[in-house]
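Chain by chain, the residues:
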Amino acid sequence: MKRREFIEKTAASTALLSLGLSLSSFETNDIKHLTILHTNDVHSHIDPFPADDPRNANKGGVSRRAALIETIRKENPNVLLLDAGDIFQGTPYFNYYGGELEFKLMSMMKYDASTIGNHDFDNGLDGLYAQMPHATFEFINSNYDFKNTVMNGLVKPYKIFNKNGIKVGVFGLGIELDGLVDKKMYKETVYNNPVEVAQDMTQLLKKDEKCDLVICLSHLGYNYRDDESKICDLKLAELTQDIDLIIGGHTHTFLDKPTIVKNKAGENVLVNQVGCYGINLGRIDFYFDKNKAHTNQGKSIIV
Amino acid sequence: MVKLKKYNGFLKLFVIFLTLFFIFSCSQKNYNLTKIEGKQLPITEKGNETPQIEKFIKPYRDHINKDLDSVLAYCPETLDKSTGKWQTTIGNLMADVCLEKGNVVFKAREKKNIDLCLLNHGGIRAILPKGNVTTRTAFEIMPFENSLIVVALNGNQILDIASYIIKEKKPQPLSGMTFTIAKDNTAKNILIQGKPVDTNKTYYVVTNDYLANGGDNMNFFLKATDKFDLNYKIRNVLIDYFKEVDTIPVKNDVRITVE
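Going down the list, the sequences are from chains A and B. Note that the first sequence ends on residue 303 in full-length UniProt numbering; no numbers are left out. Note that the second sequence ends on residue 259 in full-length UniProt numbering; no numbers are left out.
Bound conformation, chain B alone (with noise of 0.2 angstroms):
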């Protein structure tokens, strides 16, 4: 008995030793990093599929699909952004659907009727292509998640806008103004809701939040005396409009005029 206790003792300790070894010669020296190798690895059609991955998106894929592709209304010809110098088919239409749905909002919200929209040309990101319009084709028009803002602007800011349109040179989405271009590139007769614009008035102008932070330069949107969430994504509107109509209009009235 008194031997085995000796040889028990003797025994843990070596095994403590041996293992004070092991961690000193392992933790005594790092790895050292002594080779890099770095490179992109493009995935392309060449590359094999997962059977298991794809099962398991299907479902997702099949329901959003079905829902997409139901369809919502008919239009009748194509609406374009690139066919037309100072307004376009197409965003006559969405500037249109804007102050239109964002009203119903805003005068349930705040007892005031807007008074215009401006949109940007750039955030139109496709074509409203003829024959059936779906949820799809929202979500191409407007794949971003940009929604209304109502921005109180007097004026003079106004002004700036019919400045901003000449200076850009491109068919910004505009409805409830309308103005001429002169010969020496500066804008007259700008009518508000069919009414000369009254520079001590204050005018509500409902737009999407990148503009109304000044994006694309539209620096008038900064100067604004009240700013309005309509908490109303653009493509949300785009869908409740489709849902509404049967058949797309093709506005084609003139808003700028040139001399």
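The following block holds chain A by itself, in its conformation from the complex (with noise of 0.2 angstroms):
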């Protein structure tokens, strides 16, 4: 009986020390490859733009993004799903039904999370908080402070996302509410500067939580051309560092490509906006090494 224990308990703990084995040796040479897609502004865009529509003529829809994302999942399952705001406002669908519709097909999507646009105030933040019980995913900011409202609670500063052992953390910059929404729709809700709060994040997030990637969410817009002051994303890569990735909105810019900033440290920052309402998905493709062979060579952006 003894013996029989005893050799058991051996043969196990063989079989885990060859695991442990295996399992090191196999992680030492792994790529990981994490694909973050992502979209901003899109509206209440629904349906696609109809077959006489002057400009995005069969354009976007919901269901055809679905069938992209479900395309690129197949392919890659270590996906981030992401929205840069401005959910709300924009079609009947969302003076009909207050953005639940919104919500919903956004949670049959999987999105993972969401920052918070200008016009998701536009029903007030009792309107916003009605929808919440709809929505599967996360909602992040980092620079409304909600306490006194009664979004308090609902929406996280920050959130770390662990895809397949890569730790991607994730937090959210809105846009200064006064003068562009209407003081009785944000209430009480504070807004703290952008810069400041990304600074505070990015120690967090890649000091002392050590992620492999951080990403920004960003409804601050890309750039203002007429108002040099204005914090932009584009500003905001150049001030701060640790951030990987700005996903941007509210001005609804259209890009060919994604845009390397350099930021304070002299690293790249990749700044990406995908224009709006749906018509195009942003697709950011993420490659990790542990080899060190590999990594002495230092990153390299295809854009």
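You can trust all of the hints, since none of them are fake.
Think about it this way: if two alpha-carbon atoms lie no more than 20 angstroms apart in a straight line, the pair counts; the simulated DMTMM-like pairs of lysine to aspartate or glutamate are: (1) B/K233 to B/E145; (2) A/K184 to B/E145; (3) B/K223 to B/D198; (4) A/K299 to B/E37; (5) B/K227 to A/D182; (6) B/K46 to A/D52; (7) A/K184 to B/D209; (8) B/K39 to A/E70; (9) B/K35 to A/E75; (10) A/K59 to B/E140; (11) B/K85 to B/D96; (12) B/K243 to B/D69; (13) A/K110 to B/E49; (14) A/K156 to A/E176; (15) A/K32 to B/E37; (16) A/K167 to A/D208; (17) A/K156 to A/E196; (18) A/K104 to B/E49; (19) B/K111 to B/D229; (20) A/K59 to A/D256; (21) A/K74 to B/E49; (22) A/K110 to A/E70; (23) B/K243 to B/E140; (24) B/K55 to A/D47; (25) A/K104 to A/D126; (26) B/K46 to A/D47.
Honestly, the hints are just simulated from the structure, not real lab data.
Work from the hints to combine the two standalone chains into their complex.
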């Protein structure tokens, strides 16, 4: 009996040992592939544009976006699906249902997170609050303080996603509401300086939490040519460090490809935005390597 | 028994060692980012649809379409904001309707009357086509959420309104006010509700919230001595009006005369 027990345990530990060795040897040469998919300023555009639309004929549509996302998920299950705000407002779907269908469809497409845009306040804080039960994804914003509002506790300042061993830290930045959104809509929401908040967030996510990747979901806008003093994504990228990717919104900027900006530490930051109305889906693929021989060569950016 | 205990202790240590080794070997080196590829993927009609999503949207879409396409009124001819130098049929209609419907609310709340209405030409987003008028028509003309605001201005700002219209050279929707553009490009014969403008008097001007905040450089609205939010969306003003009338009137009356 004792002998039998001994043999079983030895066998088990040997198995564990060999498993451990094989795992660790496998991991040192492992290349991990993470796909970030993103939208911004979809503005309740659930149906594609009609065929007679002068500008965007037959473009967009949630049903097609869902199919494209599904195809990509089949190719690489390691997907993070994000939105940079302004989910609400723009078609009668919003006027009739207050954002219910938008949230339900995003949940069906398995969005992981969204930040909050100025138009997401269009039915007031109460209007946003009312739709929260329809969203299975996270709302992330780091510079709005909702403490004295109904939204208290429903919006996370950041979230760390563990995607197949890759730690992805996501935080969110919203635009200044004063002058843009009626006070009666945002009530006691407090806007904090996005650059300062970004510095705190990157310290937390990169230095303390040691995330492999830090993403900022921003609704600040890509840039403002007529107002140099206004904070925007390009400026945010320059003024901060340890952000790998800024996914932007608000300005409805159509870019041919993501912009590369040098940050405060001289490192490359990717800034992307995909226009509006669900016409495009942004796709950024990140490849991670544990093999030192590869990593010494530095990262290559193909856009 | 003693022997077994010994083995267990050894095994326990061994497992702890393995676990620590594992954790250590995993955490000693983070993953390094080696390659990034970025691109934009267009969503076009070439893409497949998702039957499950389509099925989910359908009842929502059907309900909206049924509501949007129900006929509210009839329009005998197309009202278009691009036909007319200083006033247009659709602009006249919108300004008149906003004044009339806004005044019902304003009078009930403030016991005062609105004197005039000024909107912006750019705010009319579609034509009012000949034929059946539906809720969808109202959504097309007014897709934004702007609502009516009554602004109290003195007579000097009324003069500014006239100068603004002349300077901008656009048929801004105007109701309750008429004037003449003189040969020297200044405004004269400015009448409010048929009476000459009095620079000492306070006038109540109904407009939308965007313009009331100085939008489209309508800076005279920023000099308001008082403001009243009617909490009445312009789209709803149109819908309510369409429900009331049978046939949409074609308002060709001249509000701004050129000398």
